[in-house]
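Chain residues, written in single-letter form:
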Amino acid sequence: MRTLRAYLRSPAAMIGSAILLAVVFMALTAGWFFPADPLGLAGRPLQWPGANPRFPLGTDPSGRDIAAQIFHGARISLLIGFVATSIAVLIGIAMGAVAGFYGGFVDTALMRVTEAFQTLPNFLLLLVLVAVFGSTIETVTIAIGLVSWPPVARLTRAEFLTLRTREFVQACRVQGLGDMHLILREVLPNALPPVIVYASVVMAVSILLESALAFLQLSDPNVPSWGNLIGLGRNVLRAEWYVSAIPGVAILLTILGVSLVGQGLNDALNPRLASGR
Amino acid sequence: MRRLEVAGLSIRLPAGADREYAIADVSLHLDAGEILCVVGESGSGKSVTASAVMGLLAPGLSIAAGSMHLSGEDLRAKSPEAWRALRGRRVAMVFQEPMTALNPLMSVGAQLSEMWRVHLGLDGREAMQRALAALREVNLPDPEGALRAFPHELSGGQRQRVMIAMALALQPEVLICDEPTTALDVTTQAQVLALIRDLQRRHATAVMFITHDFGVVAEIADRVAVMQHGRVVEQGSAQAILTNPSHAYTQALLAAVPVLRAPAPRALSDETVLEVRGLTKTYATRGLFRRRKPVRALDGVSITLRRGATLAVVGESGSGKSTLARCVVGLLGHDGGEIRIAGAPRPKGRRAAARLVQMVFQDPYASLNPRRRAGAQVAQGPIAAGMAPAQAMAEARRLFELVGLDPESVSRFPHEFSGGQRQRIGIARALAMKPEVLVADEPVSALDVSVQAQVLALLRDLQARLGLSILFITHDLRVAAQLCDEVVVMRNGVVEESGPIGAVFAAPAHAYTRSLIEAIPGRALLGG
Amino acid sequence: MRVLRLALWRLAASLPTLVLILVGMFLLLQLAPGDTVDALMAQMGGGDAAIAEELRRFYGLDLGIAARLGQYLLRLVTLDLGFSAIYGKPVATVILERLPATILLMVSALSFAFSFGMVLGVLAARRVNRWPDTLISTLGLIFYATPSFWFGLMAIVLFSVHLQWLPAGGFSDITRDLTGIAAMLDIARHLVLPTLTLGLIFLAIYLRIMRASMLEVLSLDFVRTARAKGLTETRVVARHVLRNAMLPMITLIGLQAGTMLGGSVVVESVFALPGLGRLAYESVVQRDLNTLLGIVFVSALLVIAINFLVDILYARLDPRISAEN
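Residue numbers (my numbering), protein chains in the order written: chain A, 8 to 284; chain B, 2 to 529; chain C, 101 to 425.
Just chain A, with the same shape it has in the complex (with noise of 0.2 Å):
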């Protein structure tokens, strides 16, 4: 309660949020505004935003209509956001749990797998396994997963090691409860805070990741991805630059709204750095 109180006080928050609902509209209503398919046919290519009421966004280079495609995208871009980071988070947490947690042997062996994936340059990687496993949207929204969670199991990692030390964890394991209960019930909820802030980044960053992808025409050609549009834009950038400049300005606001409700979450769960003392 008093978390969501401060929640609410937040400037930052109350934007970020406002931001989000709005990207969140867009794909809810994304069908119901455009029903006809994103990516078919839909007037003269090219006509600039305003020029033609039926679109009020324009047209690309195809001919297809921007807005619909904006719309659209909101969804594919929630959905990579979203799935993403429920897996880079639900690996990172893992890793670091156990890691942090029993220390010795395990923890080296997981620590060398984590730097081994942070050692390797994260898109270079995502190429890898788009060239790899092919990129339909299932896969790549996995595969920005996959390469996502390294920063998460460190900070994990980090919130265990002095979690685990505590004078409350170590009078759990002398009243004779088991690790399960130890991590589960005494540590993780004491590491969360952190943890759930920086969901807002690794979010932030799968967005980023599948659209730079897109961008290079190496993601799934088949959904309206709003990377994608911008790396059509890219042949018609001298004269017809809005093709590439709209749906960045839906890339950038979503990101913004994204870490924006993280600063406030932020500002929620830790207050003592809120108040900028």
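Derived by calculation from the structure, the hints in this document are not laboratory data. Glycine included, C-beta positions come from ideal geometry on N, C-alpha and C. Just to be clear, a hint being listed does not mean it is correct.
Some chain A residues close to chain C (C-beta under 8 Å, calculated; not the full set) [to be verified]:
no. : residue
1   : I26
2   : A123
3   : L134
4   : L215
5   : S218
Anything over 12 Å on all C-beta distances counts as not near chain B; from chain A, calculated [what the hints assert, rightly or not]:
no. : residue
6   : M21
7   : L97
8   : L195
9   : W248
The hints should help you fit chains B and C onto chain A, whose structure is shown.
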């Protein structure tokens, strides 16, 4: 002229705090060559008073009324820049926590010489010369080496000497010491107190010494001001306050100070409930390129705890007393030796051991999970051992009552309790398992002296009613004398001396025990 | 000595990581449908099965996975990355041709992000919760949210197409034959936009970390000591706070080296820079798995090298670090 005169000083807390003023109508004065001890428990406003004089009030605090004069000059009339220029030069300060008070990335010499470079504009070489001389004056061994050392390479006592050298660098008119020895071991504390006293006499410095410890007061004070809830409740000469306090609060504080006088010995059972034989524990440091000498935390430690008795394990930091406690409860494994509880070797399994031995922890704020209800944390042990949850919760309520808490408060979260109350929850949690042995690791050292007395009384009462066998770990010999039947004195992982507590404290056989007893501050005045 | 020993120790510790990466990547690529020979045959416009067999034997593709993995690792020790069928050159040669552009881009982007991030972070922390802080923090959020490739495109539209101040792409002006300082200036001009594009998100990250770190350090006990010594606020910040606050930034450089290298794939594609990142993109499109594996290897080496430098820097700044932890 007075070195420092504080008159009618009130400092306002930010809106939403638990009271309006951090300190209200505080008047103090300080003359050359005298030490004024400002005494009080946590939250009494003694540290705020010190920050106000330094002009370093925390953001949010503001001076509402009153005046401060340094050798007749009005401090409040000074511009921030003028006030800054006299900080360190005319009024200096030593802080409580020596481990964090120095910049970890700068050498001691660089930090110390900064005083002369900034205030007198000396060049680097000359400032270093002065720094070296200052380190010599505070009796640091190897002052040349200390000059080049980084803070982490010095011990706590050595760092505090560096802080004192820094504060006295420019021979300030007023020195403020904010609990400078609280974080130190008792023998180091005695040395640092002697050093402050000595330097203060030589330079006729006026010292405002903030402390919570009446032992320290008795040791060092010329005059005493007692603070409570932001007000000075009593002020006078040390002799008068310590022997004949007039205010009820001062009387209560003094009465709560434990004395090093053990009560008459009780008849003890012959049955041994905990037996430790030849316990060794080594901390090995791993490293590929150089091997550090492994640290022997315990080196053949043997102790015996009789049923229904309390055995004190006393020693300074690094003595191995906490390692011993952790080995006994099974939080640490040991390398050699044997631990027997109630006649059988300590079981390896966590659950089986939980019925035999329980622990009360030091820090009342860290020993409870902030996100779980107090009652659940008491009941979870019995539930894990197989008790029905409803019965375990009923048991938890009964235990809350037993340790003097409202049984209805089982459903509250830890932050709704005070430090002393949390320590009671910790005791209830340990008792819920009905252990053969209760290990208490510094259970009162984080508490204010009056709360400390209450918790000690509770432990004594519980022991009488339940026949508890307690292994009591403490650094404070006076606390040990309050509660314990027998004592073990440890140093560097070895038992130096053991025996009935009254006999050991009255006639210590070992030189180390003697030095520990002699280092206890204020023995002469407070009795010991 | 202490510094070097620490860094060497960390370097040795990253060897198993490197082996782990290579084994993982090698096995991963075994899962890929189609091998180099398939790609080659496709380029030749098809061929019969016998030629394919011949080629597979030539490239050693007919052996078992374990044997090929062993061979591959053995060859890597001698820095033999294999042969790129697509480029018709040894992979090592192809990569070496592309490496300078990437390293140059990374160094300039990192310098830009680090220096501006630090300055802005300090400014924000000194004016915390007042308008300069609000302005800087908001800018940081917006920079963070900006997709780099989109920023690159918009920068091209503004600075190259409309204002015509800077070139839209390439590493140097190939129409002119420049030497010496003129050539360097030409390359610098070509790198301005890519540097801003790649560095922008890192600038945002660094400024946020620097601000938080400054606020954290400003609340520590030794800063109170420094103030009690009567130091001016400027000296407190410059001599006591700054160095401590920079430590998390230094750590971040090492942690983010991989991310930055990944970002260069996109930026090099936007600006048509002949670097490692664009090579990676091309080899994915052309299914040149040998080259892709080589790039992964070299990227990992690059990240390890950066971390080696970061470790040395960190150990020089922080005397508490020793080889034991």
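Do the hints match the structure? See the list:
{"no.": "1", "hint": "I26", "verdict": "violated (10 Å)"}
{"no.": "2", "hint": "A123", "verdict": "holds (4 Å)"}
{"no.": "3", "hint": "L134", "verdict": "holds (5 Å)"}
{"no.": "4", "hint": "L215", "verdict": "holds (6 Å)"}
{"no.": "5", "hint": "S218", "verdict": "holds (6 Å)"}
{"no.": "6", "hint": "M21", "verdict": "holds (22 Å)"}
{"no.": "7", "hint": "L97", "verdict": "holds (21 Å)"}
{"no.": "8", "hint": "L195", "verdict": "violated (10 Å)"}
{"no.": "9", "hint": "W248", "verdict": "holds (48 Å)"}
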